[in-house]
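Chemist: When you get a sec, could you build the whole thing from the sequences and use the hints?
The residues making up each chain are set out below.
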Amino acid sequence: MPEARRLSYIESVNAAIGQCLATDPSAIVFGEDVAKPGGVFGATKGLATQFPGRVFDTPISEAAILGSAVGAAMLGLKPIVEIMWVDFSLVALDQIVNQAANVRYVFNGTLTAPITIRTQQGALPGSCAQHSQSLEAIFAHIPGLRVCLPSTPQDAYDLLVAAAAAADPVVVIEHRKLYFGPKDDVTLSDVPQPLGGARVRRHGSSCTAVTWGAITNDVIAAAELLVVDGFEIEVIDARWLAPFDWDMVGASVARTGRCLVVHEANVTGGFGAEVAAGVSERCFHSLDAPVRRLGAPDLRMPAAPTLQAAVVPTVARIVEQLRQSCQE
Amino acid sequence: MTSALTIADYRLMYLIRSFERRVAAMRDTNDIVGSVHLCNGQEAVAVGVTSVMQEADTLTATYRGHGWAIARGATAAELFAELLGRGDGVNGGRAGSAMLSVARLGFLGENSIVGGGVPIAVGAALAHRHRRTGGASVVVFGDGAMNQGSVHEALNFAAAFQLPVLFVCENNRYSELTPIADMVRDPRLHKRAVGYGIPGLEVDGNDPAAVRDVTRAALRTARAEGGPRFIEAHTQRIVGHYIGDAQLYREPGELDADKAAEPLVVGRDALLASGTTEPEIVSVEVEVAAAIDDAATWALSRPLSDDASVREHLYA
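Chains A and B, in that order, give the protein sequences.
Position one of the first sequence corresponds to residue 693 (the numbering used here), numbered consecutively onward.
Position one of the second sequence corresponds to residue 1442 (the numbering used here), numbered consecutively onward.
FYI, nobody ran anything at the bench for these hints, they're computed from the structure.
Each hint should be verified, as a subset may be incorrect.
Unchecked claim - Label-pair restraints from in silico Cβ distances:
id, chain 1, residue 1, chain 2, residue 2, range
1, B, 1476, A, 917, 53 to 61 Å
2, A, 741, B, 1452, 48 to 56 Å
3, B, 1707, A, 782, 45 to 53 Å
4, A, 969, B, 1452, 40 to 48 Å
5, A, 835, B, 1452, 55 to 63 Å
Positions of the beta carbon are idealized from the N, C-alpha and C atoms, including for glycine.
Modeler: Structure below.
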C-alpha cells in the first residue's frame, strides 16, 4: 500500500519532487532559489540536502534554465525546473515553444526533450500585473506540450509525478492561492498515473461546469449555493488541458444539456473558448442553452484588492452565471 | 602542439563545399524549397573543431550548419534527402535545411532561432557532467548571436557552474545582412567571454590546423572539468546570408578579397607549397565529386516524405 500522509498542497508538491528524485536517478531539479532557500514558496524545501548535487540554484536566467533543461533532457536527464512565476516564462518562451515543443516532432523521434516545467500563477490580493496572470492558454495552444493545473493536494502530487515520468515536455501550473490551504489525506503512490483525465468533483444534472486550477473550489462553492434553488451542478475539474478529457466533458454535457466554462484567465482567447467550441461541436444536438464562458474581463490585473476583486471571477458571479445557464 | 593542414582537412572542406554547391543547384531547380543558408567560406571552422572532438562530445549548431553536420560524420546522402523533403532524410524531411539534427552522432541540431541553441548546449554539458560521459558540449553560433540575451545567459550559466562547454563563435563579419561592427561598440567579441570569467580566445578561422590546435586545448580543459572556453574564429562567408540574398550590403571589392582568403583557396595553395602534388589534390577532388554525385542521385530517387506520417512523433 502506498503511504498516505496529511499534506497541504505545497507539501504535496514537495513530496512529489522528492519521490521523483528518489525513484529516478536521472531526475535533477533546478531553478531560481530552489536549493538552499528551498524555493520562494518552499516547494523544494529540504531536497537539496536530501539529494546533494541534484538540486541546485541557478542565475535569474529563464532562457538558460529552460534551454539547459532541454539540452540535458536530450541527453537522457529528466530535469524538473521551476519558473518561479508563470509571468517569467514569457522572457524565455522561445525555449518552451520553439525548442522543447519541437524536438521530438522535427527530429522525427530521434531526439526527445522530456522536461517538467513547474510554475505557479494567478492573482492574489496585492499581486502586481506582472505576477498575477493566468497564462495556461498560451501553453495549451502549443502542440508538443502537455499542460496540467492541479487543484487539490492529491493532484498536486499525482499530476507532478505523472509529468516527471512523461516522455514529453509538460508544463505543470500550480496556483499559489492553494499552496498553504487545508491539509488533506494524500496517497503518495510511486506509480505515475497516465497523462490526462478530468475528474468529476461534484455530481449533478442541471448544468455542467468545466473548470481548472484554484477557481475550481469557488465553482464547487457556487454549486452548493444553488442547491436551494433546486439546481444540481456537475463540476468537472479538467486537471489536464493537454490532453483534454473531451470524453468526460462531452458525456456530462450530453446528459445535462448545459455548460459553463469557468477560469481565472481573461475570456478572450482563453482556453474556455476552446472548451466552448469543442463542446458545441460535440454536443450541439444535446444542448438546451448556449455554452457560456466566465473568466476575467479583458483587462490588465490591478494590484489594489478592491480593483482585483472586480476582475477575478467571484463565487457570486459564478452563481449568477450558473443560474443563467440553468434557467435559459 | 601545433598541427599542420592535412589532405584530410582539405578533403572534408571540399566535401562540404561540394555538398553545398549541389544544394544550391537543387535550390535553383526548386528540388529544394525554402530558405537555405550556405557556409561557403566558413568550412575550416567546422573541420578544425570537429577534428579533435571525441565520440562522447556533443555538438549544437546554427541554421548555417550543413558543414558541421558533415564534419561530424553525417552522410551527404541523408542530408540531401533531408533537404529534398524525403522520408529517408536524417529527420524524415521534417527539419529541412535549417533545423536538422543527427542523434546518433551527438549532433543535437541546428537551430533557426539566433542564439537559441546555446542554452541547450549548456544543458548538454550538465548532462555530460551528471552522467559522467567524459564528453564536452560544443556549441557554434555566429557573431550576430553575440547580441542575443539567451547567449549571455548561457555564458554566465556555464561559467557559474564551470560546465564542460566549448563556445565557438564563427565571426563572418555579418549578422545576417548587417555588419557586426556596426552593431557593437567593441567588435572583439571574444573579450566579452572574459567578462563572464571564461577565457576568450581568437583564431584564424580559415586555417583548420590553427582551429584544431586551439580547440584541442580548450576541449581538453573543458572535459577535465576545467571550465568552459570561448573561441572566436574569424572567417567569412563568400555567399549570401541565404540563397537569393542580393548582398547589397557588400563593399566594392570585398567579396574578391574574401574569395582570395577563403579556406579552400588558401588550403589548396598551402598543401601544394608543403609538397602535396596537384594530381594528389585533383584525385581527392574527383573522388569527392563522384561521392556527391552518387549521394545526390540516391536522394533524388527516394520517395517524398509520406504525408500519412505527418501526425507521428508529436508525443511519445
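Chemist: Take the hints in turn and mark each one as holding or not.
Modeler: Taking the hints in turn, this is what the structure says about them:
no. : hint                       : verdict
1   : 1476/B x 917/A: 53 to 61 Å : 58 Å, holds
2   : 741/A x 1452/B: 48 to 56 Å : 55 Å, holds
3   : 1707/B x 782/A: 45 to 53 Å : 47 Å, holds
4   : 969/A x 1452/B: 40 to 48 Å : 58 Å, violated
5   : 835/A x 1452/B: 55 to 63 Å : 42 Å, violated
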